[in-house]
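Student: Here's the letter readout for the chains.
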Amino acid sequence: MSNSNSDKKNSNIWKSLKEYYNDPEIFKAKANEFNEGVTDDFDPSELKGLSRRRFLAVLTASAAVTATACSDYREKGEIIPYNKRPEGLLPGRPNYYASSMQLGSDSYGILIKTREGRPIKIEGNPDHPINKGKINDVIHASILNLYDPERLSNPLINKRKSDWISTDEEIISKLKTASDAGKEIAVVTNRVISPTVKKVFDNFKRTYSSAKFYSYELFGNENKRAAWKKSYNTLIMPSVKLDKANIILSLDSDFLGREGNTVENTRLFTDRRDVMKGNDFNRLYVAEGALSLTGSNADYRLRIRPDAQFEFVMSLLNEIVITKGIGNSKINNESKTLISKYSLNDFVKNKGLDSLKVNYLVNDLIQHQGKAIVIAGDTLPVDLHIAVNLLNEILSNTEIYDFEKGYNLNSDLSTEEDLNQLTENMTAGKIGAVIHFDTDPVYHLSSLYNYASALEKVETKITLTESENDTSAACNYVLPINHVLESWGDYKDRAGVYCLQQPVIAPLFDTRQAEAVILTWSFGSSKSYSEEMYHKFLMESFKDEVSYTDFNDAWYSALHDGFVVQNVSIEKSAVFNLSSIEGIIEIKSNDSYLLHLQPSYFIGDGKYANNGWLQEIPHPVSKVAWDNYAAVSPSTAKELNVKNDDVIEITVDNKSVKLPVIVQPGTADKLIAVELGYGRNIIGDAGKGAGVNVCVFISNNNFVSQWITGITSVAKIDEVYKLASTQEHHALDDMSVKDFHRIRNIIQEGTVGEYIKHPGFLHDHAKHELFSISKEVKYNGLKWAMAIDLNKCIGCTACITSCNVENNIPVVGKDQVARGREMQWIRIDRYYSGTPDEPVVSNQPMLCQHCDNAPCENVCPVNATNHSPDGLNQMAYNRCVGTRYCANNCPYKVRRFNFYNFRDNFADAYYQNNVTDLVHNPEVTVRSRGVMEKCTFCVQRIMEARSEAIKENKQLKGDDVQTACQVACPSNAIVFGDSSDKESEVSKYRDHDLAYHVLEELNVRPNVTYIAKLRNTHSEEV
Amino acid sequence: MKKTVLDYALKIRLPLILFTVVLAFVITFYVSRAERDGIGYQPQQPIKYSHKLHAGTMSIDCQYCHTGVTKGRHALVPSANICMNCHTVARKDKPEIIKLTRYYENGEPIPWKRIHKVPDYAYFNHSVHVNKGIQCESCHGNIREMEEVSQVRGFTMTACLECHRDPEKHLPYLEKVNKGPENCAACHR
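Protein sequences appear in the order of chains A and B. According to the numbering used here, the stretch in the first sequence is residues 1193 to 2214, in order. According to the numbering used here, the stretch in the second sequence is residues 8 to 196, in order.
No wet-lab data here; the hints were simulated from the structure. From a predicted model like this one, the values you see are computed outputs, not experimental measurements. Treat the hints with care, as some may be off.
Said to hold, decoys possible - Computed Cβ-Cβ distance ranges for the label pairs, DEER-style: (1) B:128 x A:1279: 31 to 37 Å; (2) B:67 x A:1698: 53 to 59 Å; (3) A:1251 x B:128: 24 to 30 Å; (4) A:1833 x B:128: 30 to 36 Å; (5) B:46 x A:1253: 28 to 34 Å; (6) A:1435 x B:186: 25 to 31 Å; (7) A:2183 x B:32: 58 to 64 Å; (8) A:1759 x B:128: 49 to 55 Å; (9) B:154 x A:1967: 39 to 45 Å; (10) B:67 x A:2118: 37 to 43 Å; (11) B:71 x A:1748: 30 to 36 Å.
We put the beta carbon where it would ideally sit given N, CA and C, even for glycine.
Sequences and hints are given; from them, build the entire structure.
Tutor: Here is the structure:
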């Protein structure tokens, strides 16, 4: 581990490598309020020409202006009431519907808020037994896909517009011909976790006997599932009671960030980091190559490349079983011979690991037997998962397995042979028709199975999809399908939970539910279709899935709740099959370059790549938006002679891809980590040009696993690609004070040991009497305040997306993000401490602090921002003239200025149209060009609660309001309420020993309190 | 010293012109104020509906038709089915009722002309006002006397604040009344 630069180190906490090495550019950037070029880039010659769309917009606008000028100026339009108002629907009041949604291999219980019949926000279903009211970014933002301007609105035959009846007729006759000729009809799906969809496929198979079904996922936990089957041979894979684990070891597993079921994992994990419940913290060890969200929350992090993980597990096994003699009886001689080949001491020496950390780990694992867990990452190979199963078995960690909420393993993916066979048959012309059931295999599988060229040989190519993708472009029939919020469905991915999905809006376009389309073909006539078709089919299927006494009661209560909890008898344990360990193939690590393909945090397998909200969330670790990149360690960067934004060419076998570089502290040396899902060829305007497609590197013959492979060659090329990273934006720091982050109370941390010994350690230094230039304001009654517990915040960014949807935050686009003009009201500041090789990460959500003595207020020349009697720093948009003095004077840098009408400015007014406008929250103003905005503490929710209180003639209480970020936070790290009420939760947090305010000495009296993070390390140093 | 034309223009003519212009502006400003605030606006409605008859003579409660006013932001303009509660039987043969029935049976909503409107950057909530006991007349005027409804009060920020600052004066019928909020976020967000 090279540490040659440590002499240059002069500050404990740093935000970027530039800052670590005191790059003069940083001083310059920080001295300026706005990024370079933010204010002086307006050059008419550089403006884009008038596009057709813009021209028409101008034409319409001028016509409209003329028409308005000639019309009655007092005219206020019309009020169109319902003809017959539907029961339970009151204009101006929201309705909520419980539903579910599939994401990867998991289903999530959701609650959809609709206004006047249109969905405006998705939140978690609080009653759902798995995700308990919380969801992740993708589900929050997926509502934008419903209103995506580029959704397909009618069927296409050979790219020509068609109608459903003739398309159905044509396809049915083709399918019949293929079936009669004995040619296979291939249906390609993602993982099917819906029992009713399986029945739909069975139906289809009955009509077309030559039909065959294939399923694949670009990534997922298939290896883990396969290993479970080999080790235990049962069909329920338990989930883990993480809240019962004292010690957690993650082996390249991002179980808090992107590996499925993250919401439940986060809740259970942070449940043991709750200072209000006590100081019985869990301890997280993370052994990983690329710095992940989970790694950034580790108490101890070990830099181990994924190819060495196998040796690491085997060495741990050896140390624990052979050296320490634990669980000796649980293992046979063959396995002993296998693991005795490895030695932990040698491993630590060879890989240059910190032996102290590894010793702590081994001791902790042994000491907490039955209360610890080892989790291996989804991208690691099956054999490694088997070894981890054995390790958990030996340490009796199976005690915290949760079989009752286990995963159903009855939805296998197609094997490699199956898919190979499929493409071979396609090439050989043996396949009569291919139906892509909402999948994009041309993008995902082209390199793996030569899918694209194989597909060309098929006569009838059908794609069911919401919007055009790489596969639909290669198909002769493209059929538009309903969005989740327009569809019926059911899911059964977890034991004992049956989830229902219901539509909350009629299809916006001439689309149909994908399942109903397949059913229509099964019935063999286009006339058999009806809108109710799948609804009825689902009701029939429901009868098989759920036991009930009265069907209507059961059905409507299930619809109301969104799920049914079933009492199914489940084996509460499983017997480990020792022979599974004997057959494992050993992986030998090496020193050459290694490529690790990882799932994206936000855009799924590329399905959500056209979602501007998701593309614009800064990456939780690197803070890069709108692109994927090659993450390398500082010393590897030196070796390759690259810096940020330089382009490297990576070649594996004979495939090469050019990628921009981010020097990511904490990455293992000679490891290149890249995210998948970017760089789709056929995509809407929002996702166009975002990132590079690295699916080409996926291969079944790869060195470690499908996603981890050796690199043939990697070299810098003479190109620069500007990545938009927000990590230097809105910096709070003042460079005149060294180690300012800590001295100025921005980030304060301690250890659990320190806290137990001396709870008040944070406030040891004598408090200064602070002098105020403004008069103290007395608050009578309710005063709003927020507390953020940094022990629980993992930096997942769900709050950002929830806030985006709730508060009509626009998408600004990559070029604007690069200029520091992102509009998100809440950001997650990420600080490093330690060395670039072994950084310790601290996350801090930063939003308007609603200071009592707000510095923004007294510089506003027009009094557009001022204070409300309940402690809100309010912003009157229609008063603001855009001087930006307030942003300049804000010490927290949380004010956002509308440099443009961003809806109009982004991608040629992409999101300004009749459809996308429907996503707006009608309770929040859509801000226009030239006004300042910032977090309002969700004042619309406060007002809503106030009107409810008035209606019920009650006093408004702090608990009545939940802000959008609070609702979204999967770990309940955000608490909101009344700070005048000393009994309220927020007051308890404010009075806590670990509570502090950022930049307290400015005496601006912020109303957001942070709870200092405690690291559960052995020593007392941070 | 000889008086020039310029002197005359600067001393007499210019002030005179300025004075006339300012005077004209001030007069127009004040005279047209009511008009600009929309007072007296009385558009022609698609159906000649008489509030005087229904709310006045027959004293039907406002909330019989304008439902939801205690529950949410809007006082709803009644959907056609509410009219048809009575008019499936009452006065079926009158031309305006025939018009109404046609709308109802064709499933067409009735395009009522909007009379009262607060600007879209102000978030007015009917329920908080009505639930505090404020009567409709306080803002909408004596609808019971109006054959065709017109706007009688301004819906400007000044009008709102006048009442919020001095509710006893404007709402004398309320025994106990608090001042309305005056902070920005009460209406703007």
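Student: A separate judgement is required for each hint: does it hold in the structure or not?
Tutor: Do the hints match the structure? See the list:
Residue 128 (chain B) and residue 1279 (chain A) have their C-beta atoms about 33 Å apart, which keeps the hinted 31 to 37 Å range intact. The beta-carbon spacing between residue 67 (chain B) and residue 1698 (chain A), approximately 35 Å, falls outside the hinted interval of 53 to 59 Å. Look at residue 1251 (chain A) against residue 128 (chain B): about 27 Å separates their beta carbons, and that is inside 24 to 30 Å. Between residue 1833 (chain A) and residue 128 (chain B) the beta carbon distance is about 55 Å. The supplied range of 30 to 36 Å is therefore violated.
A beta carbon spacing of about 31 Å between residue 46 (chain B) and residue 1253 (chain A) agrees with the range 28 to 34 Å that was offered as a hint. Evaluation of the 25 to 31 Å hint for residue 1435 (chain A) and residue 186 (chain B) yields a failure: the beta carbon distance comes to about 49 Å. For the pair residue 2183 (chain A) and residue 32 (chain B), the supplied restraint of 58 to 64 Å holds, since their beta-carbon distance comes to about 60 Å. At roughly 54 Å, the beta-carbon separation of residue 1759 (chain A) and residue 128 (chain B) lies within the given 49 to 55 Å, and the hint holds.
Taking 39 to 45 Å as the suggested C-beta distance range, the pair residue 154 (chain B) and residue 1967 (chain A) does not conform, at roughly 56 Å. For residue 67 (chain B) paired with residue 2118 (chain A), a C-beta distance near 38 Å keeps the hint of 37 to 43 Å intact. Checked against the hint of 30 to 36 Å, the pair residue 71 (chain B) and residue 1748 (chain A) passes, with Cβ atoms roughly 31 Å apart.
In terms of the numbered hints stated before, the structure departs from hints 2, 4, 6, 9, listed from lowest to highest.
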